[in-house]
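These protein sequence lines are chains A and B, in that order. Going by our numbering, the first residue of the first sequence is number 1, and it counts up by one from there. Going by our numbering, the first residue of the second sequence is number 1, and it counts up by one from there.
Hints were generated in silico from the structure; no laboratory data involved. All values reported here derive from a predicted model rather than from experimental measurement. Hints should not be assumed to be uniformly reliable.
Coverage of chain A stretches by chain B, computed from C-beta distances (three or more under 8 Å per stretch; other residues unrestricted) [said to hold, decoys possible]: (1) 311-324; (2) 329-343; (3) 346-353.
Straight line, CA to CA, 30 Å or less: simulated DSS-like cross-link-like pairs of lysine-lysine [stated by the list, open to error]: (4) B:209 / A:426; (5) A:311 / B:209; (6) A:387 / B:209.
From the three backbone atoms N, C-alpha and C, an ideal C-beta is built for every residue, glycine too.
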Amino acid sequence: MTHPAASAEGVSKRFGATLALHRVDFAVAFGEIHAVVGENGAGKSTLIRVLGGVHRPDLGVIRVNGEERHFASPREAIAAGIVTIPQELRLVPALSVAENIALGDLPARRFGPLAVIDRARMREQAQAVLAELDFAPDPWAPVASLSVAERQLVAIAKALHRRCRIFILDEPTAALEKREIARLFSVIARMKRQGTAIIYISHRLEEVVAIADRCTVLRDGRVAAVAARGAFSVNDLVGAMTGRAEQQALFAPLPSGEPLLEARLDGVTDVRVRAREFVGLAGLLGSGADRIIRRLFGAAREPTMVEVRSKKHRLASPHDAIAAGIGMVPGERSLGLIMNQSVRDNILLPNLDMLSRMGYLDRAAGDRIVAELMELLDIRPRQPHLKASVLSGGNQQKVILAKWLARRVAVLLLDDPTQGIDVAAKAQIHALIADLVGRGAAAMIYSSDLAELARLCDRVLAVRQGHITATLDRSGGIDEPKLRNAIGG
Amino acid sequence: MKGKGRRWNLAGQMPLVSLIVLCVATALLTNRFLSPFNVTNILVQSSIMAVIAMGMTFVIVGGGFDLSVGSTAALSGCIASMVMLEAGIAAGVAAGIIAGAAVGLANGLVIAFLNVNPFITTLGTMVLVRGVVFLITGGAPVSGEAGLPSEFVAFGSDRFLGIHYLVWIPAVLLAVLSFVMHATPYGRRIYATGGAREAAYLSGVPVRKVIASTYVWCGALAGVAGVMLAARLQSGQPTAGEFYELTAIAAVVLGGASLQGGEGTLYKSVIGVFIMIVLGNALNLLNVDSYWQRVAVGAVIIAAAAAERLRSRGSR
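Chain B with its partners taken away, still in its complex shape (with noise of 0.2 Å):
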């Protein structure tokens, strides 16, 4: 352990920490927090989310921004809903996560390649893709006469081992991604892209290639979320996935990551969207009115970041 413990120092650990304090003191104030039902429900709603901020994190590490996951995640469900109905579930999980892989190769080469702004191209794409998703699916939801497939149906409520089939796919996901992100060479270039692109560049990463490949990520993922979403929802959904992205950024940055490229991590980021949701429902159990709650929600990002600058000074 000497000298490998130097990641974990408390410091570094903020995400978690406050994660802990909210759950206990949400427990010491309403008891319902840790009933069975509310601890799955928690893990349900966040299980959908960290998928989306998974992907976020490779695009923010690598000093992006992809505001268009929401959309995507839409189109993604509607688009394998729909495949689903002709081809069955495999072919339609396949087209859903396809077609969010082919957004974030758009957003990734002209952001790359043409050299724009990440914030105004994937602005363009969130306003886009929605509009694509509308008129594909005529503003109506897709789930056939039948509905959709009920093997497809059943994976969004049922469990395995006692764990709804929808936690253990970012489960599995975190720790496969992770691996890529910090014991890949590749990985390893994403954090030099974002750190410093022309140090980067120098250093003989294919900075281009490796931006490019961060969206395609993030597309994809924002794909896998969009099909989760469908199996819950029992059906694809046009209108789903609104606000996402503003969810998606809040908990990645609230895990720690800056938005100047370079820092970040999956796992923190995955603690970023659990802090999300569990204060969200600490405030509906407390029944917080549903408009303080937003009031609540913005203050704490707010002073989540600022917490964060303050302390990067001081450790200058």
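If we strip away everything but chain A, and leave its shape as in the complex, we get (with noise of 0.2 Å):
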């Protein structure tokens, strides 16, 4: 009888007050790909990381080839074959390619007592990993000149170098552009076909479907549902994961106001955004879409003059942005948030001068702010001294967005905001954001998700090069290829 590659029987987990997993049966085989799906906190992370060594089951066990392993680190489990391909990944960008592969079991010649690094095996070896995946750079470049798509297969090769044949793959494509998504399914495939086992979570749904030979969706700690290809679609998916019917929201276009937002940047690129206006920023990865982003919240290198509603204001910083009515949520949650401080203290921090009476904060109007936006943008778990960092990413978003609404600011900018994140905290950050834009103000999205800018914006800027090099707008019709081909993507 052959066993799966690995699995988990009935595994719980507790942490605190919270069942993160309740009996959860999961298995992969060998040669199979094997999605995960579920919203935040229905409990992907701690089952891989079950799997992956760094959590132990309080029930339940874990086998690799049938037989039962208790992973005390996940050192053990990448001894035992499992590893876990990060969405940050474990390189050392000083070091090369080939030294990377390496590390942890260097080939070496002995002189005496002398041990000296054959770099010539080195580079042999980590030739012959890379060939595996079909990825040929040059061995001796420092792993920091590589793109983030290059650096993953760099992982993979890595852990096909310790003959690891159980893959975990969380949220591989997060970071990458569509031609390298491409370049990474067919390196799976290819990693399939040679018998690897792997496990795949992704927020992507259309790339589940389009991959997973087997999808298991986790809800509330539970498994939800267990559906081989071809028996599950994405709405099928969404049902499960959500335990109701997807509602697609569809935001009807809004008659716009007044300019909110007025700036040249670099004395060519004139940017200006009208009130109940949605407007998108495409770009390619290095287009410096996100940087028009920064610049328009003062946080780059030089000051950006900018007019808000028709006041000319010099933005020298953040502080100066964000006294003009200016709020941004940026491209990485850690930039958004002071995770060691709690839901509250992040919440209040821009708008510490609108609690100052006479110089100390009033304790009881933050309170009641708090309280209001917590129940508004239903931030759960509805515990306002709970530290950020031990929320869900999608919760942790809508503690960002809560900073700004607390100041109704006019424009608010927002980069990559739903990357990572599941479909139905997605969802309502949309309907967030739309709320904001609905009611007088504007807001301003850079999205490495075409698909995103395509659905929810008015207008969209294609940006290259630092420039806006052409504007798409409703009345002419927004989709993905027509912003693909704008972007020159």
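Reassemble the complex: the two chains are provided individually, in unrelated frames, and hints are given to aid placement.
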């Protein structure tokens, strides 16, 4: 009888009052791609951490090749052949591709008591394993010089070199461009043919439908559904994840109002956003679209001149921008939140000036604002004194939005706000921004997800090399292919 | 009280619990520990270090570090004494505190605006300021021919409501500064800056100014401590305050502050000071060899920091 490559049987895991996993059964076979989907907090991360040796299960067992295993650390899991390729790749940027692959197991030649690294063998080993992935970078190039997608391949190669045959890919496409995703998928398909077991975690359900042989849906720490290829669609998955059928959010275009934000960047790039307008910025990685957001927020090196509600402002720092009525949701949540501080302190941080009564803080007013916003945005759990770091990604993003809703900013700038967030939280965040815009504010959003821009925006500015090269608007029709064409992707 | 009691859990009160355990244990081992003379002695000894540790808390919560406080205290004590002999007590005290604040401002500007590492910057000022102290004093104590003004000297030993003036100063400062740190926008911005500088910046916190200001507090409070020390020693001592920076940093860390920044509380830092002073006092009373005392104090610092790490890892 053949055993599954890896399995979890009746695994439960509790963190304090939260039951993160409840009697979860899960198995992946060699040569199979098994996807795990679920909303934030459904238990995906806990499941992969249990399989990857980060957490020990309270109940249940982990088997590898049918053999019961108790991992005390990720190292032991790797030694057993299970490796997690996380979103943050653990490579040493300053070392070369070959060195990174060999690290931990450096080939050496001995001269008496001296060990000298055998560079020729190191290169051969690296090239051999990279060839399995159909990838041939310069083995001596420092990893820092590679793109995110290439680093990911190096990380996979490193795991293959360690003879790992069970891969947990955690949101592997979150930071990739379309073309890079296609390449990664062909690598995954190849690995599958060579008999590797792949556990695939993604928020992008279209990907799951396209690539997975089997899919496990988690909800509230339990297995809500397991289905084989062909037996599930994106809508089925959403239904199983949320426990209800998806309501596609469609936003009717609103009549736009007076200009709220006007700026001329570098003397050439004109940006104008009107009230009740949702403007998108589209651009490839490195196109400078995200930099436009930073400049409009005064967070670039040089000051920016802008007009907000026809009043001129010089933005030398975010402090100036906030005073002028601009808020920003940064691309990384760690830049939007002070992780070791409470939800309350985070929401109030940009708003301390409003709460200051002759130099001291009006606590009661602060509590009131925080309670209202947590209710309005449905931030869970409803505990203002919890540290921001313990919230799920979607809830963290809501806390960041709450910071700016508390101020009723005129213009909200968003830098890829729904990256790595599950569908339900994403829809909630879209609705919140749309609501803000509907009430007379303006929003400008950069997103790496062109479908998101096409769905949400009244107008999309295409950015190449730091300049706006084309404008698409609702009347002319906005769709993904048009956007891709405009940004040169 | 519903929900408000959240901050008062036992895990957050480790410093206080340790201090109580330490005091009870010492009291059981020797009856001299709770004698009025010894308790007064502990309070007075703690007072000067408490003022320095409060300044250090500002800097550490803001994500920084200050090694120059001991030298600054010596500078302030000497300048206060010199000015006092010429221009009276008030001018002397003011000059001493201003000198401390000036050193802090210099530290703050270099660290916040030139982005020089705080460890290196304040290591530099520690040495530099000590040099300046020796230059202006010629290496000799400052007390004039007839000594410092008698009211000033009396301040170093007199009591108000049965408690030394020297003890009242940190008590009042603790109340006022706790208010600044917890109930003002400025205080919350220090925590935010220390917790995540870039995120605080993107939330509109003027992080450079905030960081620089923490060093000004630290310098000014080291100045206050220097003046207190001069009153107690009845002179400005150029060699005073050596190793104060290390004791202060150890006390702040014992009080549960994180050297990563963003965490720390003034009163817990003061408890940290008490732990350091009581520990030394207990070892003295128990006639522990002074060489062994150093070994014990060093081990306690490391053990406390390690316990804190283990605890925070456990709750993660």
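Taking the hints in turn, this is what the structure says about them:
1. Only residues whose beta carbon comes within less than 8 Å of a beta carbon in chain B count, and the stretch 311-324 of chain A has 6; three or more means the coverage holds.
2. Counting residues of the stretch 329-343 of chain A whose C-beta sits closer than 8 Å to any C-beta of chain B gives 9, which meets the bar of three, so the coverage hint holds.
3. With 5 residues carrying a beta carbon less than 8 Å from a beta carbon of chain B, the stretch 346-353 of chain A meets the three-residue requirement, and the given coverage holds.
4. For a cut-off of 30 Å, the pair hint linking residue 209 of chain B to residue 426 of chain A is broken: about 37 Å separates their Cα positions.
5. Our distance criterion of 30 Å between C-alpha atoms is met by residue 311 of chain A and residue 209 of chain B, whose separation comes to about 27 Å.
6. Under the criterion of a C-alpha separation no larger than 30 Å, the hint pairing residue 387 of chain A with residue 209 of chain B is consistent with the structure, at around 26 Å.
In terms of the numbered hints stated before, the structure departs from hint 4 and from no other.
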